Amino acid sequence: MRRKDREVTDLGEIISIIDECDILRLGLTDGGLAYIVPVNFAYTADGGQIRFYIHGAMAGKKYELLRAAPTCSFEMDKGLKIECFADRGAVTMRYKSVMGTAKVRFLDGEQKRRAIEDILLARYDITKNFDYDRTVIDRTAVIELTVTEISAKANL
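Under my numbering, the letters of the sequence shown match residues 492 to 647, in that order.
Honestly, the hints are just simulated from the structure, not real lab data. This structure is a prediction, so every number in the text was calculated from the model and none was measured. Be aware that one or more of the hints could be misleading.
[As the list claims (entries may be wrong)] DEER-style ranges, computed between Cβ atoms:
id	residue 1	residue 2	range
1	Y623	A581	45 to 51 Å
2	D513	R493	26 to 32 Å
3	D629	A536	27 to 33 Å
4	G600	Y526	27 to 33 Å
5	G539	E566	17 to 23 Å
6	I617	V530	17 to 23 Å
[Claimed, not checked] Below, computed lysine-lysine pairings styled on PhoX-like, alpha-carbon distance capped at 20 Å:
id	residue 1	residue 2
7	K569	K619
8	K619	K553
9	K552	K619
10	K603	K619
11	K644	K572
12	K569	K495
13	K603	K553
Where is the CB? At the ideal position from N, CA and C, for every residue including glycine.
I would like the entire structure built from these sequences, with the hints used as guidance.
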């Protein structure tokens with residue numbers, strides 16, 4: 492990391508940044524090209540191990556690329572504001588960001604149901620106790636991303 496003064500190394504601070512983010516961008520490979528797709532997510536952080544959970548259709552490009560490769564990259568950020576310094580003629584962006592790599596694992600059966608109910612739906616107040624249509628479980632892919640590398644940066 493070039494700007495060590497902006498590096499965030501404390502796991503608690505990294506998790507705080509993750510809490511503020513609504514979208515996780517998956518970085519996948521598609522025939523040697525980067526394929527980036529934004530997704531909603533939820534996460535767990537047990538004993539220092541972060542796992543992201545995403546869901547979607549059991550078909551399509553994202554699904555196929557995740558099935559084809561056991562790892563992916565990810566990024567999330569929170570832009571805060573642009574700040575101008577007229578006296579110096581300088582402009583900077585205030586932000587927080589997290590990125591890294593993860594191992595991909597598709598969940599099924601009871602693990603899939605529990606991830607949907609206990610992690611994905613539990614992330615938001617509006618869905619915590621929502622009585623959803625459980626027939627969607629069979630046609631929904633739920634993917635667990637176990638973080639293998641993570642870094643964070645902030646310009647506050």
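Within a Cα-Cα threshold of 20 Å, do K552 and K619 meet the stated pairing?
Status violated; Cα separation ~29 Å.
Between Y623 and A581, is the Cβ distance one that fits in 45 to 51 Å?
holds (49 Å)
Taking only the CA atoms, is the gap from K603 to K619 under or equal to 20 Å?
holds (16 Å)
20 Å Cα cutoff - pair K644, K572
The hint holds at about 15 Å.
Does the hinted range 17 to 23 Å hold for G539 and E566 at CB?
holds (20 Å)
Could you see if the CB distance from D513 to R493 stays within 26 to 32 Å?
holds (27 Å)
Holds or violated: K603 and K553, Cα atoms, limit 20 Å.
holds (18 Å)
Straight-line alpha-carbon gap K569 to K619, limit 20 Å
violated (24 Å)
Verify the CB-CB distance for G600 and Y526 against the hinted window 27 to 33 Å.
holds (29 Å)
Within 27 to 33 Å: is that where the Cβ-Cβ distance between D629 and A536 falls?
holds (29 Å)
Between K619 and K553, does the CA-CA distance stay at or below 20 Å?
violated (26 Å)
Does 17 to 23 Å hold as the CB distance between I617 and V530, or does it fail?
Taking Cβ atoms as reference, I617 and V530 lie about 18 Å apart, which means the hint holds.
Consistency note: the structure conflicts with the earlier hints numbered 7, 8 and 9.
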